[in-house]
Structures are given as C-alpha cells and as structure tokens.
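Asks: Following the hints, complete the assembly by docking chain B onto the known chain A.
Protein chains in written order, with our numbering: chain A, 1 to 310; chain B, 1 to 158.
Don't take each hint at face value.
Stated by the list, open to error - Mimicking EDC-like on lysine to aspartate or glutamate, the simulated pairs with C-alpha atoms at most 20 Å apart in a straight line are:
(1) A/261 with A/288
(2) A/38 with B/67
(3) B/114 with B/88
(4) A/78 with B/123
(5) B/41 with A/65
(6) A/212 with B/123
(7) B/4 with A/34
(8) A/196 with A/228
(9) A/78 with B/54
(10) A/83 with B/67
(11) B/4 with A/29
Said to hold, decoys possible - These stretches of chain A come out as covered by chain B in the derived footprint (C-beta under 8 Å, 3 or more residues):
(12) 117–127
(13) 279–292
Since the hints were derived computationally from the structure, they do not count as laboratory data.
Bear in mind that the values here come from a model prediction, so they are computed numbers and not experimental data.
Glycine included, every Cβ here is placed at the ideal spot set by N, Cα and C.
Residues per chain, in single letters:
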Amino acid sequence: MQKESKLNAENRQKTSGRGSNKVPIGSADFLAPESLEKALDYRKRYGFEATVIAGGTDIMVDYFERLYEVNSWLDLNKIEELKKIEINDEEIIIGATATHKRIAEHPDLQKYLPMLAHASSEVGAWQIQSRGTIGGNIVTSSPAGDTLAPLLAYDAKVVLQSKGGNRILDMSDFFIGPKENVEESDELLTKIIIPKPSENILSRWKKVGKRKALIISSLTMAILIEIDNDGVIENARACYGAVAPTPIEVKNVGDYLKNQKLKEVDAKKVGEIAVAGISPIDDIRGTEQYRRQVTHDLTVNAIKEMAEEI
Amino acid sequence: MEIKFTINGEERTEQVKPNQRLLDLIRKDLGLLSAKEGCGKGECGACTVIMNGEPVTSCLVLAAQADGAEILTVEGLAEGDKLHPLQEAFIEAGAVQCGFCIPGCIMTAYCLLKTNSLPTRQEIRTALAGNICRCTGYQKIVDAVQLAADKMAAGGEG
Chain A
1 MQKESKLNAE NRQKTSGRGS NKVPIGSADF LAPESLEKAL DYRKRYGFEA TVIAGGTDIM
61 VDYFERLYEV NSWLDLNKIE ELKKIEINDE EIIIGATATH KRIAEHPDLQ KYLPMLAHAS
121 SEVGAWQIQS RGTIGGNIVT SSPAGDTLAP LLAYDAKVVL QSKGGNRILD MSDFFIGPKE
181 NVEESDELLT KIIIPKPSEN ILSRWKKVGK RKALIISSLT MAILIEIDND GVIENARACY
241 GAVAPTPIEV KNVGDYLKNQ KLKEVDAKKV GEIAVAGISP IDDIRGTEQY RRQVTHDLTV
301 NAIKEMAEEI
Chain B
1 MEIKFTINGE ERTEQVKPNQ RLLDLIRKDL GLLSAKEGCG KGECGACTVI MNGEPVTSCL
61 VLAAQADGAE ILTVEGLAEG DKLHPLQEAF IEAGAVQCGF CIPGCIMTAY CLLKTNSLPT
121 RQEIRTALAG NICRCTGYQK IVDAVQLAAD KMAAGGEG
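Next comes chain A alone, as it looks inside the complex:
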C-alpha cells in the first residue's frame, strides 16, 4: 500500500475510507430518491438534519476533513425531473441540478442567456463544471457565486417546493446575507424560471479573479440593457457579485439609464452610480477600494462597449 505521513493518515481516518469505522458514521444515511415526491417526503421528515447534496462542489469543501459530522445525505442526482432545461415562448426553465457544463454548452442558453452560459463556463474548471449545479450555486448563496449576478440581471425567479406547495420568489428576495437564504427546512429549490429575453438585448458579463480558473471571484458584473428600435433604453439592470453581503442589483443604474439614448449615455456617471450602490468589504480577494475602482471601470467600459455595438 501507499506510504503516507502520520498526520495525513490520521486525518484520513477521521474523514472517510476504511478507517472511518473509528467514528460513529455507520449510522449515517444516504438517501438518493429517484422522484421529487420522495425527496420532498425526506425533506419534510429530516429537515436540516439531512444535508442536501447535488454536485457537492461546495458542500464537500465545507465539510472537508469533517465529513463524519454529516448524519444524513439527501442526494438529488437520481431525480431526472430536476435536470431538465425547457424553453417555451415566454420562459426558460432550468432544473436545479442542471450542471454548469450543460448550461455553458446549451445552444439555446448561449443564444438567449449568453451571460449565464458564459458565467457557467467560468465556474471553477472543467471538473467543477461537470458536477456543480446551478441550483447548488444559488442555494450556497455566496455573494461571489458566479451565476448569481447574471440570474439577477435576467430577472430570474426560483421555485421552492415542499409537501405543502410551491413558493415562487424573485432571486433578489431569496438571498438575505452571505451564505444565507430564505429556504425553509422542508423546501427544495427545484427550478429557476427566467422570462425569455426580447431580441433587442445587449449584455455584458465580467468576472475578475486572481487567476482565470478555480478562483473565487473578487467581483462579478452582469449588465443587461433592453433597447427599442431607436436605441432608447427601455429597461436596464446592473447586477454585481462580491461587492455586498449578497449578490445585488444596483437599481439606481437601471433608473438612470431608462429612457436615455444608449449612444448618448454618460458612461462615467453610470460608473459613479454603480459605485454608490455597492457596499464591498476588504478581504483576501480584494480591498474595498479595489472593488469600488473595478466596479466603476468595468461598468464604464461595459456601457461604452454596448453603445458601440448598436
């Protein structure tokens, strides 16, 4: 067998593998229902006692070296219904366990929701995109979650399902703090509903991080502008990640842009409004000042680029 340092070997025993019978994990459950109905039954019965897992790319990191603390898993991967991606005339409906990889490569999503497809293609790296899911990204509720600013910009809603019925919430009402959301112990996030964007849409997605792959974003930006045939802005949403306790839309940007001709917009002013609407912190991925500067510059550039696009 392989040689391991004593320290590693000890840790490994606590975590998993053959030595794991030293800790009382024999009683742990692994629930892998094949139907949503059954999953909701389990959710009602176990509540937060059962740790919900899909791709596991966040939860397995959270429980790194202490997997023994999990009493029960509720694995959603066998529920085919949750993987569906449907597109009709009005809406795009993405199942919660659609992986980042599938979203990034889906031709219709690339066409209608380019910011989301692009963001999904920049989550972690291939190995993470293979497993990680859009529902997981939302439920983890990190302010830096890569798909979250695009989803806000596309005005997405989430469906929270329980035995008692469904709640449909605006994405912006789902998040309440860093890694905190309003999901109840008997609910599962089952799908994401996005109104199908009109033809006259311009959008810009940007992710800033210390390296191109496998990095938690220092900042993300998703701006969507809807214009009429004369180039007048009918509707705009500027959304940002990692600049506030939750992913946010800076509504003042949308209000300022509305009814202006895109080609005549003062891009610098838009940048200033965006900066005034965020509340970043200093952390390992960037200082507050850095985040304000980058928010400003990315916003200004995005507006200028979009104005040139028409």
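Replies: Here is chain B on its own, set in the frame of chain A:
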C-alpha cells in the same frame, strides 16, 4: 450500503459508507493509486477521474454517488502492455517530472481529445486549467497533449 458501478470496464459491487469519498473508494478499497489527493478541496485536480464521460475531482464526490456510474482512471487506459497514445506522448514529450499531477492531467486531456481531436494550445490550456502542476510550467504538458492528438489522428485511435 451497496453500490454497483463500472470501473475501467469492470463491473463492481462494493460496500461503501455514506460519508466515504469516491477518491477513498478508488484508492483504499480498490487499490487503484493513480488518482492522488492533493488538496482534498477540488482545487488541484490531482484526484481527477472520469465519471460518466466527464472529468470530476473525486475528492468532491461521495462514493455512494457513483452508484450506477462508469468510472475511468489511468489504470484503465493501457491495453495490456500497450500504453495509450496520451501516456506515450507524456513520456516522449518529457511532460512528467514528479508525476503527482500527471494521472489527473491525462484524464482531463483524455476527455478533451474525445470531444476535440485536434485542440489548439489555448484550448488545451483552458481544458487543463483545473489541473495544477508545480513542476513543469505546463509547456511540456501542452506539448504532450498535442503530440497525443497527432498520434491518435495518425493511428486512428480514440
């Protein structure tokens, strides 16, 4: 609990614990040691194996989640004594230094070449972005993947 899966073409039935990771199942229970534990947090890619046709970091997958899955590791690439073109190419290009990350790199590259038989250097770099190597500086790894692509195109393999 009992799971059934296929690994390197062989159907297996194994007893696993709910909190056991796929990486530990592969290394400790099955004794396949190509996949390594680098970070244990999905950041280094040393534990990359192919699960249902996609590269995954096996430290972030629960063993129980592999029920019904098809798994491929480096041990499953060679046919008898004949190495896979990717393995040959890594040797010929001198892409291996300490070797710790290489099985992971090869599995990701294997997936890349399945979908893109003649990738550009940039495409190779993007595909392998999740496999960290601290020795080579990546140039020779990229060389090796290109060489393998050429070999496979010439040999009609893959």
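Asks: Are the hints correct? Go through all of them and say.
Replies: Tested hints:
1. A/261 with A/288: Judged against 20 Å, a Cα distance of about 32 Å means the pair is violated.
2. A/38 with B/67: Within the cut-off at roughly 18 Å; holds.
3. B/114 with B/88: 17 Å, holds
4. A/78 with B/123: Violated - the C-alpha atoms of residue 123 of chain B and residue 78 of chain A are around 32 Å apart, more than 20 Å.
5. B/41 with A/65: 10 Å, holds
6. A/212 with B/123: 13 Å, holds
7. B/4 with A/34: 16 Å, holds
8. A/196 with A/228: 16 Å, holds
9. A/78 with B/54: Cα-Cα ~17 Å, so holds.
10. A/83 with B/67: 18 Å, holds
11. B/4 with A/29: 17 Å, holds
12. 117–127: With 4 residues in contact (Cβ-Cβ under 8 Å with chain B), the coverage given for the region 117–127 of chain A holds.
13. 279–292: That given contact is violated, which follows from only 0 residues of the region 279–292 of chain A lying within Cβ reach (below 8 Å) of chain B.
Going through the hint list in order, the structure does not satisfy hints 1, 4 and 13.
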